[in-house]
Structures are given as structure tokens and as C-alpha cells.
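> Sequence:
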Amino acid sequence: MNREELKKLQEMAIEQQRKLIRFKDERIRVLLEVYAEFLQDIEKELSYLYTKTSLGSPEDAWDWDEIRRGKDLEAILKQMEMSIDRMNGEVTGVITNSIKTVGVVDYAFASYIAAAHIQGYIIVPPVIPERAIKVLLEKDWGHGHFSDNLWGQTENFKEHLRTTLVNSMQRGESFRTTTVKLQKRIGQEAYKSERLVRSEIITASNEAKKEYMTDFDKRSNEMGMDLLKAMKVLETLDNRTCKKCQAMDGREFSVEEAKSIPATEHPNCRRTFVAVIRGFNNANRQRAARSMSTGKTYRTDAKNYEEYAKEQGLDSATSYSKQYKKQESEE
1 MNREELKKLQ
11 EMAIEQQRKL
21 IRFKDERIRV
31 LLEVYAEFLQ
41 DIEKELSYLY
51 TKTSLGSPED
61 AWDWDEIRRG
71 KDLEAILKQM
81 EMSIDRMNGE
91 VTGVITNSIK
101 TVGVVDYAFA
111 SYIAAAHIQG
121 YIIVPPVIPE
131 RAIKVLLEKD
141 WGHGHFSDNL
151 WGQTENFKEH
161 LRTTLVNSMQ
171 RGESFRTTTV
181 KLQKRIGQEA
191 YKSERLVRSE
201 IITASNEAKK
211 EYMTDFDKRS
221 NEMGMDLLKA
231 MKVLETLDNR
241 TCKKCQAMDG
251 REFSVEEAKS
261 IPATEHPNCR
271 RTFVAVIRGF
281 NNANRQRAAR
291 SMSTGKTYRT
301 DAKNYEEYAK
311 EQGLDSATSY
321 SKQYKKQESE
331 E
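188 is the number that the working numbering gives to position 188 of the sequence shown; each next residue is one higher, with no gaps.
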């Protein structure tokens with residue numbers, strides 16, 4: 001493979017990551033719209049309740065004595081809990097469909113890249129097995145299955161929202177104060193779900209790549225070809241990468257070793273895995289990096305985060321992290 005062909009493959013890999021990011025952002029947008037609609041519905045119900053029970057009260061405050069005489073508040077709370085259950089079902093659906101889509105696409109893309117490296121010879125079909133899709137959907141990534149996390153989170157959300165509403169009304173706070181508290185609480189919950197969706201999508205992407213490389217290695221060994229040298233971990237070369245991920249960047253692992261390497265290290269992790277094909281010279285491969293001084297993206301010859309940190313004028317990845325924290329505190 002000549003330099004131009006390698007460059008084309010690199011550009012395709014970068015574009016594929018961009019597509020993954022766009023896909024993730026689209027799913028998150030759908031998710032946030034669900035939470036926004038939920039907030040609007042609650043505000044409408046509370047506006048009705050306020051008009052009926054507390055309109056004209058001093059300082060725009062809730063009239064708790066009037067509210068507790070009726071049954072409207074309890075009806076609103078019940079409706080709110082039903083909406084949360086429905087919303088949770090929608091979030092579960094978003095994550096499930098996202099995992100399936102990402103698994104299929106990234107397994108196929110890994111197949112294309114591997115075939116390109118060995119001159120178009122396909123030794124594993126670019127279709128992810130159903131068993132692998134099932135594993136992606138059912139796997140606990142170390143923090144509980146996503147559906148369990150969502151339902152556990154949902155029960156807490158119901159209780160916290162109910163407490164927030166009732167306490168605000170009992171204190172005789174203003175309608176505006178109550179809605180601001182609701183916005184904040186729902187916003188916190190939306191962020192938790194957003195983070196969960198983002199993490200599950202990136203994790204599914206990396207697990208699909210690892211799955212393909214495992215299948216590729218097994219098949220090539222059966223054919224006596226021994227093509228896959230290792231799986232390489234790549235982290236993002238910028239100032240948001242954590243110390244643990246910095247230390248992992250550029251490291252190569254055998255297929256067996258890679259099984260124990262987490263697909264993601266933490267929420268919002270941006271890790272990815274690439275195949276290292278035996279006999280293929282990848283020494284001249286450049287990577288995208290972000291300049292600490294300008295914030296702009298550039299191409300670098302750095303093979304790992306340590307080299308990138310030194311390129312930025314720092315002694316090590318650790319001191320780079322310290323320098324960035326110092327810079328943040330001074331801004």
C-alpha cells in the first residue's frame with residue numbers, strides 16, 4: 001500500500017469517526033427534545049393549578065391551604081410519574097436502536113479497513129453475527145446494564161421531582177421559583193441520560209471493532225495466515241483527555257489481552273481501537289491533535305500522548321495535565 005492509499009484510508013477512518021459523532025449528537029438531540037416536552041407539559045399543568053388555587057395571592061405565592069383541599073395536585077403528580085415511565089421507555093428505545101445501528105456499521109467498517117490493508121482480500125464477512133449484537137445489547141460494561149441504570153434512576157427522579165414540587169408549594173414560594181427549580185432538576189436528569197446515551201454509543205462502537213478484530217484473528221489463524229499483530233488503543237490528543245487515558249494512548253495489545261481492556265474508561269470517554277496488521281508499516285501515520293496554545297486542530301507525527309505532550313513543550317503527559325489545570329484556574 002503506497003502513501004496515497006494510506007492517506008485515503010486515514011481520511012476515511014476520520015470521516016467514519018465524524019459520522020459516529022454526528023449520529024451520537026442526533027440521538028442526544030432526540031433525547032433532549034423528550035425532556036423539553038416533559039418540562040413544558042408539567043409547566044402547563046402547574047400553570048392551571050396556580051390559576052385555580054393561588055391567583056391573586058400575595059407575592060405570586062402558592063396557596064398551600066387551598067391546594068391541599070383539592071385533588072388536582074395529586075392528579076398532576078400521578079400524571080408526571082406516568083410521563084416519566086413513558087419517557088424512560090423512549091430513552092431505552094433510543095439506546096437499544098443506537099447500539100444495534102452502531103454495532104452493524106462499525107463492524108462492517110472494520111471489515112473494509114482490514115480488507116484494504118491486505119489488498120482487498122476479505123476473510124471475514126462484513127456482517128456482524130446476531131450473537132454479537134445480542135452481546136452488545138445485554139452486556140454490563142461494568143456499571144450495570146443501561147436499562148437497569150435507567151429504571152433505578154427513574155424511581156429516584158420521580159421521588160425528587162415530587163419532593164421538589166410539594167416542598168416549594170408548602171413553603172409558599174412563587175410560581176416562578178417552582179418552575180426554575182423544576183427546570184434545574186429536569187436538566188440534571190436530562191444530562192445523566194445524555195451522558196448514558198453518549199457512553200453506550202461509543203462503547204458499542206468500540207466493542208463492535210473489537211469483535212470484528214477477534215473474528216478476523218481467529219479466521220486468519222485458521223487459514224494459517226496470522227495477519228493481525230495487535231489491537232491499538234487511540235485516545236484523543238487534546239487537553240480534555242484524562243490521565244488514565246493518556247497513559248493508554250498508542251499502546252498495543254494482543255487479541256487475548258484486548259478482551260480485558262475496557263471499551264471506554266469512563267463516561268464521555270473518546271477512546272477508539274484500530275487494527276495493527278502484521279507486516280504493514282504504519283510508522284508514517286499522522287494523527288489529528290489540538291494545539292494547547294491556539295486550540296486549533298493540526299496533524300502530528302506523535303505516536304502517543306506522551307510524545308504529543310512533549311511536542312506541546314511539556315516534559316510529560318502528566319505535566320501537560322497539570323499545566324492545563326493551571327491554565328484553567330488562571331482564566
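Heads up, a few of these hints could be off.
Stated by the list, open to error - Derived DSS-like pairs: lysine-lysine, alpha-carbon spacing no greater than 30 Å straight-line:
1. Lys24 with Lys139
2. Lys158 with Lys243
3. Lys296 with Lys218
4. Lys78 with Lys192
5. Lys259 with Lys24
6. Lys232 with Lys310
7. Lys44 with Lys78
8. Lys243 with Lys24
9. Lys243 with Lys310
10. Lys192 with Lys44
11. Lys139 with Lys158
12. Lys52 with Lys229
13. Lys78 with Lys8
14. Lys100 with Lys71
15. Lys158 with Lys24
16. Lys181 with Lys44
17. Lys8 with Lys192
18. Lys243 with Lys52
19. Lys100 with Lys244
Stated by the list, open to error - Cβ pair distances, simulated, as ranges:
20. Pro129 with Glu256: 45 to 51 Å
21. Glu74 with Ser293: 54 to 60 Å
22. Ile261 with Thr177: 47 to 53 Å
23. Gly172 with His145: 41 to 47 Å
Since the hints were made in silico from the structure, they are not lab data. Just so you know, even glycine gets a beta-carbon here, dropped at the ideal spot from N, CA and C.
> None of the hints should be skipped; say for each whether it holds.
For each hint, the structure was consulted:
no.	hint	in the structure
1	Lys24 with Lys139	holds (20 Å)
2	Lys158 with Lys243	violated (36 Å)
3	Lys296 with Lys218	violated (41 Å)
4	Lys78 with Lys192	holds (23 Å)
5	Lys259 with Lys24	holds (25 Å)
6	Lys232 with Lys310	holds (21 Å)
7	Lys44 with Lys78	holds (15 Å)
8	Lys243 with Lys24	holds (25 Å)
9	Lys243 with Lys310	holds (15 Å)
10	Lys192 with Lys44	holds (24 Å)
11	Lys139 with Lys158	holds (27 Å)
12	Lys52 with Lys229	violated (72 Å)
13	Lys78 with Lys8	violated (57 Å)
14	Lys100 with Lys71	violated (44 Å)
15	Lys158 with Lys24	holds (27 Å)
16	Lys181 with Lys44	holds (15 Å)
17	Lys8 with Lys192	violated (38 Å)
18	Lys243 with Lys52	violated (56 Å)
19	Lys100 with Lys244	holds (29 Å)
20	Pro129 with Glu256: 45 to 51 Å	violated (20 Å)
21	Glu74 with Ser293: 54 to 60 Å	holds (59 Å)
22	Ile261 with Thr177: 47 to 53 Å	holds (48 Å)
23	Gly172 with His145: 41 to 47 Å	holds (43 Å)
In terms of the numbered hints stated before, the structure departs from hints 2, 3, 12, 13, 14, 17, 18, 20, listed from lowest to highest.
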